[in-house]
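Colleague: Using the hints, put the two chains back together into the complex; each one sits in its own frame.
What follows is each chain in one-letter form.
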Amino acid sequence: MANYFNTLPLREQLIQLGQAEFMDSSEFADGVNALKGKKIVIVGAGAQGLNQGLNLRDSGLDVSYALRKEAIEEKRASWKNATDNNFTVGTYEELIPSADLVINLTPDKQHTAVVNAVMPLMKQGATLSYSHGFNIVEEGMQIRKDLTVIMVAPKSPGSEVRAEYLRGFGVPTLIAVHPENDPQGKGWAEAKAYCVGIGGHRAGVLKSSFVAEVKSDLMGEQTILCGLLQTGSILSFDKMIEKGIDAGYASKLVQYGVEVITEALKHGGVSGMMDRLSNPAKIKAFELSEELKDIMRPLFQKHQDDIMSGEFSRTMMIDWANGDANLLKWRAETGETAFEKSTAGDVKIGEQEYFDNYLLMVAFVRAGVELAFEVMVEAGIKPESAYYESLHETPLIANTIARKKLFEMNRVISDTAEYGCYLFDQACKPLLADFMKKIDTDVVGKNFNEGKDSAVDNIKLVQVNEILRNHPVEIVGTRLRKAMTAMKAIKTV
Amino acid sequence: MIQMTEPFVHIDQLTIQYPPKMVLNDLSWTINKGENYVLGGKSGTGKTTLAKAIAGLIPSDGRVSIHFDPTLPLSPKVHYISNWYQFTNLEGDRNFYYQQRYNRHQGQDTLTVKAELEHFAEQENLDFADIADKVVEIGFENVQQSQLIELSSGEHKKLQLVKGLWLKPQLLIIDEPYTGLDARSRVVLNDWLDELAKEGVQLILITNDQKLPSTINRFAYIAEDSRLINVHGALDFPKDNKRQKKKLPEFLKEVPQTDYDIIAQLNNIHIRYGDKEVLKNISWEIKVGEKWLLQGPNGSGKSTLLSLINGDHPQAYGHDITLFGNKRGSGESIWDIKAKIGMISPEMHWYFDQNATVWHTIASGFYDSIGWFIDVKFQEKKQIIELLEFFDLIKHKDELLHTLPLGKQRLAMLARTIIKNPPLLVLDEPCQGLDSEQTKYFNDVVDELAQHGKTLIYVGHYESQLPSCIEHRIVLEKGEVMTNVGI
Chain A
1 MANYFNTLPL
11 REQLIQLGQA
21 EFMDSSEFAD
31 GVNALKGKKI
41 VIVGAGAQGL
51 NQGLNLRDSG
61 LDVSYALRKE
71 AIEEKRASWK
81 NATDNNFTVG
91 TYEELIPSAD
101 LVINLTPDKQ
111 HTAVVNAVMP
121 LMKQGATLSY
131 SHGFNIVEEG
141 MQIRKDLTVI
151 MVAPKSPGSE
161 VRAEYLRGFG
171 VPTLIAVHPE
181 NDPQGKGWAE
191 AKAYCVGIGG
201 HRAGVLKSSF
211 VAEVKSDLMG
221 EQTILCGLLQ
231 TGSILSFDKM
241 IEKGIDAGYA
251 SKLVQYGVEV
261 ITEALKHGGV
271 SGMMDRLSNP
281 AKIKAFELSE
291 ELKDIMRPLF
301 QKHQDDIMSG
311 EFSRTMMIDW
321 ANGDANLLKW
331 RAETGETAFE
341 KSTAGDVKIG
351 EQEYFDNYLL
361 MVAFVRAGVE
371 LAFEVMVEAG
381 IKPESAYYES
391 LHETPLIANT
401 IARKKLFEMN
411 RVISDTAEYG
421 CYLFDQACKP
431 LLADFMKKID
441 TDVVGKNFNE
451 GKDSAVDNIK
461 LVQVNEILRN
471 HPVEIVGTRL
481 RKAMTAMKAI
491 KTV
Chain B
1 MIQMTEPFVH
11 IDQLTIQYPP
21 KMVLNDLSWT
31 INKGENYVLG
41 GKSGTGKTTL
51 AKAIAGLIPS
61 DGRVSIHFDP
71 TLPLSPKVHY
81 ISNWYQFTNL
91 EGDRNFYYQQ
101 RYNRHQGQDT
111 LTVKAELEHF
121 AEQENLDFAD
131 IADKVVEIGF
141 ENVQQSQLIE
151 LSSGEHKKLQ
161 LVKGLWLKPQ
171 LLIIDEPYTG
181 LDARSRVVLN
191 DWLDELAKEG
201 VQLILITNDQ
211 KLPSTINRFA
221 YIAEDSRLIN
231 VHGALDFPKD
241 NKRQKKKLPE
251 FLKEVPQTDY
261 DIIAQLNNIH
271 IRYGDKEVLK
281 NISWEIKVGE
291 KWLLQGPNGS
301 GKSTLLSLIN
311 GDHPQAYGHD
321 ITLFGNKRGS
331 GESIWDIKAK
341 IGMISPEMHW
351 YFDQNATVWH
361 TIASGFYDSI
371 GWFIDVKFQE
381 KKQIIELLEF
391 FDLIKHKDEL
401 LHTLPLGKQR
411 LAMLARTIIK
421 NPPLLVLDEP
431 CQGLDSEQTK
441 YFNDVVDELA
451 QHGKTLIYVG
461 HYESQLPSCI
471 EHRIVLEKGE
481 VMTNVGI
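Residue numbers (the working numbering), protein chains in the order written: chain A, 1 to 493; chain B, 1 to 487.
So here's chain B without its partners, still in its complex pose (with noise of 0.2 Å):
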């Protein structure tokens, strides 16, 4: 029985680099059968682009062996879901707007659900019967006539997930598994993953997290000298340095000029698709300088709600809806309306311009462009590179946004937010994808921002991880308030 003894996966001495950077320098690492693994530690330590060499999506040069075993009633296959996911419509295009689900047309730009996962059937040679329960259990059933442009990021996560472990690869890597997810959602992955290894998938997931499947038994990371190192649990994980605490620029300890009380008020707003209602009766009410947390499980409505307040829903005209003193469709533009809104959103970060460098991406703040065109001012560049020294980012100025890793472009992005010192600030999970130390950090710069005169609205999933400045919450679930109250 030797083929017992052969370790699963082997990685012979595995060097990539993207000149002139080295992302793995002579890592080896043996993952035997019945281990399952969590890839943590610090972030730009080279665990994506070892995911994606490990599932052949990056030549490894012959470094990598996997030993799949043919006894099995499992796909002879490693499948790897990234944490950032891309599709395509009917035409293999990918030229998105982030506002694009808002925008109703009666031509299909994209497959449904339904299709996209009959198509990946068809491919894969899988039967819908096999997931059917989980896909009701995952909160993914309403959403299968829904377009793949129109569902939220959260929705966009599970489509992934389903997909993946619906195909029941030997080898799953799953790349931040939780990013985006509602706590439910959480619980049930978790689950499914423990089944699945039962039947003999095996795992690795990266992530800093520590509500793990119960099924994970080893916990490693990838030191600064490339070795792998194994330790005993997620607690253990090296963490990224504590960032040191900078003093906030100047002019971001301004309070912003406002000649209204109400920064929004919506009252009674209900928005169709179809005949599908996604916000029913939804009345708010936000005061100038007051500090809102939105929360709601995935698709329950709280992106269409935000678009409805930073002009980016069509459906906003003919509804009660007033912003920062003006009736919406009283001959306000939509950019009058984000002159005064700092906005992110995983969204707009996903759609955001490819060759937009940090310097541009941040500049483009001032004018609410998607991506950089005009000339800034000089006061505009001064205050820009007070933002890049306060988020150390000076040195990435001329990098790509996108080709930094993640933590950093979302500082990146949130510096595009606070730019032009904007009286609304709508932070839409702003720190999905950050590890812990990251959103604390983060956290800490939107309470430090919130004390001058600013008001916030602020969407998050998680209670523990919030910024301590918020003191009113409004909870969505099926496009329905819940609550409505301070705290």
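So that you can see chain A by itself, here it is in the shape it has in the complex (with noise of 0.2 Å):
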């Protein structure tokens, strides 16, 4: 199977990358009127498969899943989640042949698999559903002609598609129909019926292209999301540690403090982050930042470039191959380094404090955000596209770091998402070895304004602002923030 990107030409490239419109809510009139009598048929119950299926089938839409015949005869945990909330299972001869619309919600790295297996089975002129377009895009799975291709991709993990659904919201969802299969013209009232069965139509939802999302994707998991964090983290407890700064205590500000800190960027963009510090130690965060982004430019735009050209993926595959040889080991040195094996000491830090004593993940976490928007923006992805696969995604993230650190993260995030954040770390880390000698606990562990007056020169704080305010992800994410007014706050402290 050829790279599909690469098949095509320079200018029908571009098309696909720059596929972006937020969608109006007038546009999802039509309710799930689409799928309404259809037979649907979800392949993999885990996560994001049983909270989508049990929010499609209330919202009066015919659900069922197809499991493997092991996972039936075992009765493993897919099997149990399905039928302990009485939807029908059968196995995949069963099912498929009589779906009208089957969505495939199993993890990247089978997909190559369920779909040979599923394909022959499926009836003529049915819909196949993605949430990820890797299979497609970098795999380059060709798929029947007769079939319709769609994908449905809500951007927060299964149990809050579930949870904003039953409060009568939703989460930001990205749809696309992929053009080489489209035959019937039915790809985009599907898909748009689909979301509005998980309820994402209420919370803003983007007209992606399995393209776009892909090459989106992969950039924003294994720059910001996950390779930042994780350097950022593990080089912030080593600096504590060897400035004699209380174990516990580092331990505890690293694991929770990217949560608290990104829960401003969530809800007010990198300059309500920013706004969370004092003057002085803003502009000092301001400054730090500006140095990590020139610093750490080149290797943004080498992981885009990697993207954009397949050579991650196919270097990710071959490891695939090979059992995992490498992603297995890069885990298990994750698992080895000192902030892992530490414990949160039993020490109360107050929200304010984590901004306070941790200024220099402010300023990983605004460089971190705004590189890997601009590097996306450069290589033709949309503003709207590039906002959801950094800025928005990372507080997600920092939330699995507060729950079991970076093991957990790594464990929870995708396999191309945790290969890429390995890539990542590994040459990151060495780049920035200059820069952290430099460092001291006044930005990490102490509070940076202590014995300090908080006077600052106007014309530079004005300044300040303005670049922070004026970046082109502060403009985008206003706009889109709006459509998510009912985002809740959670609980971080």
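If you are wondering where the hints come from, they were derived from the structure by calculation, not from laboratory data.
Please note: incorrect hints may appear among the correct ones.
[What the hints assert, rightly or not] For each label pair, taking beta carbons as the anchor points, the in silico distance ranges come out as:
| no. | chain 1 | residue 1 | chain 2 | residue 2 | range |
| --- | --- | --- | --- | --- | --- |
| 1 | A | Lys404 | B | Glu118 | 16 to 22 Å |
| 2 | A | Arg297 | B | Glu122 | 46 to 52 Å |
| 3 | A | Pro107 | B | Gln145 | 29 to 35 Å |
| 4 | B | Ala339 | A | Glu27 | 19 to 25 Å |
| 5 | B | Lys377 | A | Gly125 | 37 to 43 Å |
| 6 | B | Asp26 | A | Ser454 | 33 to 39 Å |
| 7 | A | Ser454 | B | Pro7 | 45 to 51 Å |
| 8 | B | Asn25 | A | Tyr249 | 37 to 43 Å |
| 9 | A | Asp275 | B | Ser330 | 47 to 53 Å |
| 10 | B | Glu118 | A | Gly335 | 23 to 29 Å |
Think of the CB as a built atom: it goes at the ideal place given N, C-alpha and C, for glycine as much as any other residue.
Modeller: Here it is, written out as structure tokens:
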């Protein structure tokens, strides 16, 4: 199978990469009608599969689950998930032939095997749905020409997809139709109906393409989302230990700090996050982040280039074929870092203290979000797509670190994200060696404001604020966040 | 023996303010050894704040001194059991939704009751054998393997009580001890408190209830000017002013449109979680206009049964259930169902959006959402204002719901429930935590509403405190129907 993106002429590559339209709520007036009375069969009953299915059924649609024979016979977790909620469960052979819509919600790595098993069983003219386009775009999976291929990708973990739906809201969602597979022209209607069925239309929907989704998703996850949060966390912890900060305190600050800091990012963007600092601290964080942006820009560009050329997925798929040798080795190494082995101390850290004593992480987050966004947009990805794959998802990943540190983050995220994260981390740490030598506990571990008067130069402050607020990620973010008015605050402290 | 003459608790001119509000002003109070208090009186007088200050949960500026007795074999501690519990999942998250306990998935979200108790025992150095009998007596033995998220509101209350009483602190403060408890458990609790008192535990109970442990020997309330007034008994507590009855808004006098005769028809329903059967062979028919009372001990399956009717239970699919003329699973969405139901429950209240103002809370009733996301239309706005006035909430309309006294919160939740004038009202323990005056007012409103063609399902524990419109009764015990009759 050839990389689909690389088979396209440049003109077509640019069109598909640049597909990003924030949809008006009037486009969803038809509700779930396009799927009403149709047979929907979901393959896979993990967190996404189960929770999306619960929502679709609660929206009045006919949902059942197709699982592999062994999963049913051995009554595995996926079988229990589906049967405990009174869904019909059957084998591929039993359920796929009558399905009008087959939703593939298995992990990326299984897509080729799953689609190869499912496709011959699908009836003429049915629809196949993905929630991530890697299989189509990078692996170049060819789908039967009579089938329609769509993508509906909620930008949240499965549990949130369910919780928000039951609150009467939803999570931001990205939808797409594969241009090579829309023989009846029904793709968009079905993708929209599916999106309504899981509640996504209430929180903002981005009309995207398989290509735009894959190239931006890969970039976001391996740079700012996972890569930089990992690098920043490890370097911060090591620095504090080196400078004699109590290990329990350092561990807690790092584990929970990113969550608290990025909660501000979620509600108010980069400027909202920076505004949580005092004026002198904000200027310091600004200066550090400017420096970080200069140092890391070539690395971000290299990641984007490798993603565009297909080099990243090629090497990763070699590792897949090699039984994940590299992935498993790097995962074990992450488990051995001092931070991972530390235990959060039984100390109380106030919400504001996480900002004041962890200014370095604020600088890392600003640099990473802006860099990822800038590099994606330079590469032809639209600001809307770039926003979702950088700023929007950062708090979600930070939340996994707060749960069980980096190991948990890497376990929860996709295989592609985890692989890319390690690549980034390995390259980034040496790059930052000189920068870190200058770092002291005033920006990580202790309150930056202590012993300083809070005076700042007027003009300097105005300039800094202006640069922060006028960054394109802030402009597009303000607009997209308006559609998410009901965004839930996470209790972070 | 100077120690003996020292008071157990001494509060000297305690002032606590949440600007702009002064909650306690120069309050002084002395509790001597052997005195077991009930703190009662009107809502909003600062009882909970005072309790938290004694327990050291809010700063008291050194105005509270407690002299523990080192000779007692009891832990030299003050333990406060809150009226409002909060638990976290394994990762310290508290973002739950009220239907979560019905959604089954294999990943564990929260600790089991057993694990929670073991964790508590380890933390506090306690021995489970000490309460093994009590756990059985209070009807809590069957939930050991349940996750915290699966507990009903009454069971959660019991968990808080079991932990607090197990601890045997020298001073035990319980805020609204009887809220949500079934009749049997109340008796068990009072006996248990009497036993502890004999061992030297001193009590402060915050309640206006009159069925109290016999060890209670002091009664007090906080007056308007923050003075602590001692009275002879619970009957002497000042009561909240009788609410002036107002005219029911016109829109609530309209009989809701129904093109079906039967609201809900459930036939032979079984609900299982793994091996545990929580509802066994339940059949129930509710006709348009009927007023039902649903009763049963804590954990008997009441809320689960209601969740089958209001669209909250995933296992409703595949069962023989007909709602509002449509067979369940025939293409209706849960939002179609919820549009016809006004619902209130302790769980929904607990997990309600913390950012919602009173206005948003009521407005969300138009969309059946937990929290408010859409601009309301002109007519809807008018209805909200009418209801705010009806319930005397107009001056609180922009305040956060969860910062109001509980009685007012419940009224706002009731307003949310009726704002769309739905054909069916499902009121699951709507008066939990309200005193008898507030409850009477609430039930009077329900009675008045009921006159206008609405169907009602009401869950309440005490026969004495029910709306008078009730005409049918269904009683559950251990998931089975015991009684299903007209009254």
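Colleague: Kindly confirm whether 29 to 35 Å is satisfied by the beta carbon distance between Pro107/A and Gln145/B.
Modeller: Between Pro107/A and Gln145/B, where Cβ atoms are some 31 Å apart, the hint holds.
Colleague: Range hint 47 to 53 Å: satisfied by the CB atoms of Asp275/A and Ser330/B?
Modeller: holds (52 Å)
Colleague: For the hint 19 to 25 Å, verify it against the beta carbon of Ala339/B and that of Glu27/A.
Modeller: holds (23 Å)
Colleague: Assuming the hint says 45 to 51 Å, is it satisfied by the Cβ distance from Ser454/A to Pro7/B or not?
Modeller: The hint (45 to 51 Å, Cβ to Cβ) holds, given that Ser454/A and Pro7/B are roughly 47 Å apart.
Colleague: Holds or violated: 16 to 22 Å for the Cβ distance of Lys404/A and Glu118/B?
Modeller: holds (21 Å)
Colleague: Note whether the CB distance of Glu118/B and Gly335/A lies within 23 to 29 Å or breaks it.
Modeller: holds (28 Å)
Colleague: Look at the Cβ atoms of Asn25/B and Tyr249/A and judge whether their distance stays inside 37 to 43 Å.
Modeller: holds (39 Å)
Colleague: Using the beta carbons of Arg297/A and Glu122/B, state whether their distance is inside 46 to 52 Å or not.
Modeller: holds (51 Å)
Colleague: Given the range 37 to 43 Å, decide if the beta-carbon distance of Lys377/B to Gly125/A lies inside it.
Modeller: holds (42 Å)
Colleague: Could you see if the CB distance from Asp26/B to Ser454/A stays within 33 to 39 Å?
Modeller: Holds - the Cβ-Cβ distance for Asp26/B and Ser454/A, about 37 Å, lies within 33 to 39 Å.
Of the hints listed earlier, there is not a single one the structure fails to meet.
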